[in-house]
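**Q** I would like the entire structure built from these sequences, with the hints used as guidance.
Count along the sequence shown starting at 1, add 20, and that's the number in the numbering used here.
Heads up, some of the hints might be wrong.
Label pairs and their in silico Cβ distance ranges [said to hold, decoys possible]:
#, residue 1, residue 2, range
1, R272, T54, 20 to 28 angstroms
2, G89, E238, 44 to 52 angstroms
3, H121, T54, 17 to 25 angstroms
4, Q82, L216, 43 to 51 angstroms
5, A147, E259, 31 to 39 angstroms
6, T161, G68, 53 to 61 angstroms
Since the hints were derived computationally from the structure, they do not count as laboratory data.
Beta carbons are placed, not taken as given, at the ideal position from N, Cα and C, and that holds for glycine.
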Amino acid sequence: MTDIIPSSDPLAILLHDWLIAKRGRTNSAATEDTYGPILAKLRTALQGNGLDLDSDPRAVAQFVERWVGVPQRISTTSVARSTQKQRLSAISSFYAYAIKHGWLTENPCKRIDYPRVEENAGAKPLATETVIRKLEAIDRTNIVGLRDLALLLVALKTGRRAAELASLSIGDIAPVGAKVMIRWSRTKGGKTKGDLVEQDASAALCLWLTARYGSEWETESPDAPVWVALEGRGALTGERLGYHGIRGIYGRRLGTTKVHTSRHTFAALLLKKATVQELQQRLGHGSLDTTARYMRKLDDGQEDSRTEIGDLITLAES
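**A** Dropping the structure here:
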């Protein structure tokens, strides 16, 4: 979306204001970069069929239901359910904003059944021995290795989602003795939660932050990103590491580009000693049913020889 919006196009102004509000809530340029193009492409497609975002909700809903499943690239023949759900979420978010501010009266997405997407679709937990071996292989004598090890340890020891990891800022990190408390303010469902991170992951995180910001890293701006790009154009500006950057680290270090792998590995390790209620709390699931399904899928075909989660990284410490 451009900063210059024609005053003769109220919907363009509304879209612009929605994106600003959305970025303010998520504190993430990635949200704007993802959601903005979705609505821009949808509006172009609607207008090409004699409709617009404020047309009859029944017609818009019918159009949107088809449109979210249409590939946007010539090289693509199908659209993943997760992508369809993301498109619907973006569209629904815009309509919720428009309704809240009195511009529209109905959200056409309410008429559409969202595609069911399993949280663990396509991602599988890694064997403990594999994790240890791959973490040991990371070179911690350079700043890239320090960042990558810290990120992976925090992910493996907290089970947090990619979006939660990416949104971390210095103000979310608070030393507590030899450990750190991490405040997660961008969790699924909008709740703020906290994790007292185990000592090995805490030490790795502090080493990385010291290498990046200096020994007084705690005095940096609270909005300064915890994870920053060190390769490519982003390295020149200290750009916040986004999903694709994190995905690249997983690919290089763990041999998989599925970021959810660390969440499943965390859950699989925790299964040995945790109750379903404890696992639900740690994973942030809204219901026990979700956690129960999660546990069944993780347990399918898994080895019985799991180490305690606290023992996972002891061999990876320098």
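**Q** Quick check: does the Cβ-Cβ distance between R272 and T54 fall within 20 to 28 angstroms?
**A** holds (23 angstroms)
**Q** A range of 31 to 39 angstroms was offered for this pair. Does it hold for the Cβ distance of A147 and E259?
**A** Holds, since A147 and E259 (Cβ atoms, about 34 angstroms apart) stay within the stated range.
**Q** Is 53 to 61 angstroms respected by the C-beta to C-beta distance linking T161 and G68?
**A** holds (56 angstroms)
**Q** Given the hint of 43 to 51 angstroms, check if Q82 and L216 actually sit that far apart at their C-beta atoms.
**A** About 50 angstroms separates the Cβ atoms of Q82 and L216, which means 43 to 51 angstroms holds.
**Q** Lying within 44 to 52 angstroms: is that true of the beta-carbon distance G89 to E238?
**A** With a Cβ separation near 48 angstroms, G89 and E238 satisfy 44 to 52 angstroms, so the hint holds.
**Q** Go ahead and decide if the range 17 to 25 angstroms is satisfied by the Cβ distance of H121 to T54.
**A** Holds, at about 22 angstroms.
Comparing the model with each earlier hint shows no violations; every hint is respected.
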